[in-house]
Every structure is written in C-alpha cells, then in structure tokens.
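Trainee: For the record, the sequence lines run as chains A and B. Counting along the first sequence from 1, when you hit position 190 you're at 190 in UniProt numbering, and nothing is skipped either side. Counting along the second sequence from 1, when you hit position 192 you're at 192 in UniProt numbering, and nothing is skipped either side.
Honestly, the hints are just simulated from the structure, not real lab data. Keep in mind it's a predicted model, so treat the numbers as computed, not measured. Don't take each hint at face value.
DSS-like cross-link-like pairs, simulated, lysine-lysine; straight-line CA separation at most 30 angstroms [said to hold, decoys possible]:
1) B:Lys84 with A:Lys91
2) B:Lys222 with A:Lys114
3) A:Lys162 with B:Lys162
Number of protein chains: 2
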Amino acid sequence: MEPAKPNSTIDDLFNHPERFLPSVSVKCAIFSFQAGELLVLLLKPSNTSRWALPGGLIYNDEDIDDAVKRVLYDSTLLNDLFFKPFDAFGKVNRQGNQSLQAHHEDSVADLMTKRYITIGYYALVEFQKVISMNNDISLEYSWYRLNEIPDLICDHNQIIEKALQTLHYHIHYQPICYNLLPVKFPLRDLQVIYETILGRHFDRANFQRTMLATNTLERQDKHYSGKSHRAPFLYSFRKNEYFTSLKEAMNRVR
Amino acid sequence: MEPAKPNSTIDDLFNHPERFLPSVSVKCAIFSFQAGELLVLLLKPSNTSRWALPGGLIYNDEDIDDAVKRVLYDSTLLNDLFFKPFDAFGKVNRQGNQSLQAHHEDSVADLMTKRYITIGYYALVEFQKVISMNNDISLEYSWYRLNEIPDLICDHNQIIEKALQTLHYHIHYQPICYNLLPVKFPLRDLQVIYETILGRHFDRANFQRTMLATNTLERQDKHYSGKSHRAPFLYSFRKNEYFTSLKEAMNRVR
Numbered sequence: 001m002e003p004a005k006p007n008s009t010i011d012d013l014f015n016h017p018e019r020f021l022p023s024v025s026v027k028c029a030i031f032s033f034q035a036g037e038l039l040v041l042l043l044k045p046s047n048t049s050r051w052a053l054p055g056g057l058i059y060n061d062e063d064i065d066d067a068v069k070r071v072l073y074d075s076t077l078l079n080d081l082f083f084k085p086f087d088a089f090g091k092v093n094r095q096g097n098q099s100l101q102a103h104h105e106d107s108v109a110d111l112m113t114k115r116y117i118t119i120g121y122y123a124l125v126e127f128q129k130v131i132s133m134n135n136d137i138s139l140e141y142s143w144y145r146l147n148e149i150p151d152l153i154c155d156h157n158q159i160i161e162k163a164l165q166t167l168h169y170h171i172h173y174q175p176i177c178y179n180l181l182p183v184k185f186p187l188r189d190l191q192v193i194y195e196t197i198l199g200r201h202f203d204r205a206n207f208q209r210t211m212l213a214t215n216t217l218e219r220q221d222k223h224y225s226g227k228s229h230r231a232p233f234l235y236s237f238r239k240n241e242y243f244t245s246l247k248e249a250m251n252r253v254r
Numbered sequence: 001m002e003p004a005k006p007n008s009t010i011d012d013l014f015n016h017p018e019r020f021l022p023s024v025s026v027k028c029a030i031f032s033f034q035a036g037e038l039l040v041l042l043l044k045p046s047n048t049s050r051w052a053l054p055g056g057l058i059y060n061d062e063d064i065d066d067a068v069k070r071v072l073y074d075s076t077l078l079n080d081l082f083f084k085p086f087d088a089f090g091k092v093n094r095q096g097n098q099s100l101q102a103h104h105e106d107s108v109a110d111l112m113t114k115r116y117i118t119i120g121y122y123a124l125v126e127f128q129k130v131i132s133m134n135n136d137i138s139l140e141y142s143w144y145r146l147n148e149i150p151d152l153i154c155d156h157n158q159i160i161e162k163a164l165q166t167l168h169y170h171i172h173y174q175p176i177c178y179n180l181l182p183v184k185f186p187l188r189d190l191q192v193i194y195e196t197i198l199g200r201h202f203d204r205a206n207f208q209r210t211m212l213a214t215n216t217l218e219r220q221d222k223h224y225s226g227k228s229h230r231a232p233f234l235y236s237f238r239k240n241e242y243f244t245s246l247k248e249a250m251n252r253v254r
C-alpha cells in the first residue's frame, strides 16, 4: 500500500475504523539525545489533558513493520529510523483511557478505550535530524527528559520503563549509539549515553581508554565553541568496525 | 479467570470464537535440552499434514501472560515455565495455512486462515520435567532437533530462527542454562548449550576454567554410568550467585 499521509490515518481512525485490524496496536518509545540528556518523544492527543506515547493501529492491508514506520513518520517526519520490538503489553484492564473517554463522542471513545494487545517498540533518532515535532495531525508533540516524564495514559510509563531495560542490554549488541549521535560527537556524549542507559557512572579516563581501544572510533577535528581553551576533540564511528564490533560482542562468551 | 483445561480451549475455538480477541495470537518456541541436543517442541494439528509451533488466541478476559501460560501448559502439562516475548510477526500475507484450509470445514478454515499479528515467545523447559507430550487435545506433539526441523506451516520456521537469534544474546543475561538443565549436570552439557546457542566451538579446558571462575557452579558427586573409569563430576548452579552474575553482566560495559 502507499505510505499514509499523517492526516489520512487520523481520518481513517475516526471515519473508517473497519480499515484497521481490531485488538492489536503498536506503541513507540522514541528516544533521542541532546545536550547531554536522553529524551523521549511524547504526544498529547487533541482535546486531552494527558501525554501518551506515539502509536496506532495496523491497517488490514499493511505489514506490521510498515505500521511502525508510519507511526514513526507521523511523529518525527523521518523515515528509516532504527526500531525494534521489545515486549507485548496485554493485561485485561490495561486501557483506562478515561481522559480520552471524557473528551470524545461515544463511538470514538469506544474505539479508543476497547481492549488492545499492544506491541511495544523502541526507536532511536538523531536529534538534529528531526524536521518537526508539530506536523499537521493536530497533536501536540514534545521531548521529555527521562526524569521529567509525566503521568501518562494507560500503561505508557511502564512501556517506557521496559524499553529502557531493553536498551540496557541491547547497548552491547545493537547500534544504539550510532543511531543517537550525529556524525561527529565529543566522547563525553558517548559516555553520557552509556551512563544514562546503564544507570551507572564511569571514570572518564577509563571510559575513553576502553572505547578508543575498541578501534571503532576515529578522531576528527576539535570542537571550538569559542568559550574554552580546552576544546574537546570530536570523534566519529568507523561504521564498519562499529557494526563488526557489535556482531563480535554477540559471539563473546562471558 | 480460571485456568482453562486443555480440551476447553479447542472447544471454544471451534464453537465460541467470539470469546477470543480477533487478529492477535501468540506462538511459543519451546526449547529443551536432552542427550547433548537442543530440541524444540512441535505439534501437528489433527487432520493436517504439516507441523507447527504451539500457540493460540487470547480470551477476551485473559491477560496475555496467562494466554502464554495456557499454551505452554497445553503443550507440556507444566506450569511456571520461563518465557519471554522476542518479536512480532505481522506481514500481510504471512498466514498461508493452506494445509489447514484443505482439511477443515469452511468456518473453521476461515478462523484459522484469517490475518493475525503473532507475538513470538520463547520458553525453556527442563526435559526431565515434561510429564507428557501427548495430552488429550487430540494433537500430536514431538520434540525435534534443531537441524531436523521440517517445513512448518506459515512463517513458523522463521519464528524459531528469530527465537534462536534472541537466545544468542539472552544467554548472557537471562537464566537460560538454569532453565534447561536439571539440578545436577555434567559441565559438558553446559558447554553444549553455549556452543549450540552461540553457534561456535569452545576449547573444553578453556570453557571449564572460564565457567568455574564465575563462582556460579558447585561441584557435586561423580556420575557413574558403570561404563567408564573416567566418570565426570556433576555440577549444580549456586542459584543466588548465578542470578547475581547474570544481573552483573548487564552492568558490565564492553
């Protein structure tokens, strides 16, 4: 099928619910990294008071991967994001979208509050590439720091928590850092990503020595901000070596 | 809800399809280990010619975890198996259960061949604990060696392949070996599990030294089979240490 335009999905949801598979949905925890912070993208559906994860239903004639790509495009206006499923959420009483129910007419509230099994995905996006967070589907988007995530609808807080747990071990096997960082970055940013996802502090010298020893990084020019005499060097991933290194990590026995 | 008896699920499927959520199902790649081989449990639905993974639909009033437990109980007559979701399978044209269609009346064939999004789970079972593979739901069950898996219905071969890829990195973080081995086992069996899942050979002395150095194993009595003067020692996991070790592995940076 043709990729759906942002607006058409919402139109179909309200006017042609029969075009979607019933009872199953996808939700995406979209992570990004900016100014030394890991961020997650939240949206506020129109006329509601609480934030939520981007997500949606799956068209009858749409591969589930294409549904996820569509949701990611709707939220970031980007294609080709790195995404992975990590868990399924399917408790009987998990919906509880009372805030939605209160603001919509009955038929839509019914659609939005019926029982779904939700497949949770995480996605990684380089912050500089995000074109817009306010597209034309009348929803409010905003990036939130991990420690400032509000009380989300349904079990979306739990979905983010599980996504972070998954990143915790995927960081050794999946190209997480590659997908969160721009082409050139200071080593400090790489360290912050590891520290945030693994939830621990690394000695700066040790971390840099360990990372440089992997031979996956290439030193680039210095980053002169004009503010400091100690401008840090920037680095880039040796792409092939980085991906080979992740592959080899999978083969290493403890 | 009460745990379903094996027979009742099949009855409901044929006579009360409205009791299940439409469009979403679970499939389980159930692995076990016996005689130096990793095995996977397959079933052959009655009146069909091709093998399949155990799985099923989710009752309207059933948590998805309970649905998975029910499927695992139906297939192994065991409760409390270790299981994890690992991927979602949702291509538009993935069903193709022609062999089912050919053998059932139209309404059942329709139910069984409509489009589902399937959430793939792997489960691990200690072979000695399996009570029966032939329960009373009129299905034929059999364990297959990984290199002898036949051509399965739908995309079930791909589901097994993805499950194995997941075990490949989960072996460092999840209690896979603990759930596949009996209380006492020869180190050789532990090595075979690592070799099979990681797809590589380890030097026997190196592997044993590395494993014993983790301090997660406790030497037990020798295993006298009556056939050899070189009876191997048996080992058991120091449960607390093994689980702590897996937890710590998650915190180790490369």
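Trainee: Checked against the structure, which of the hints given earlier come out wrong?
Mentor: 2
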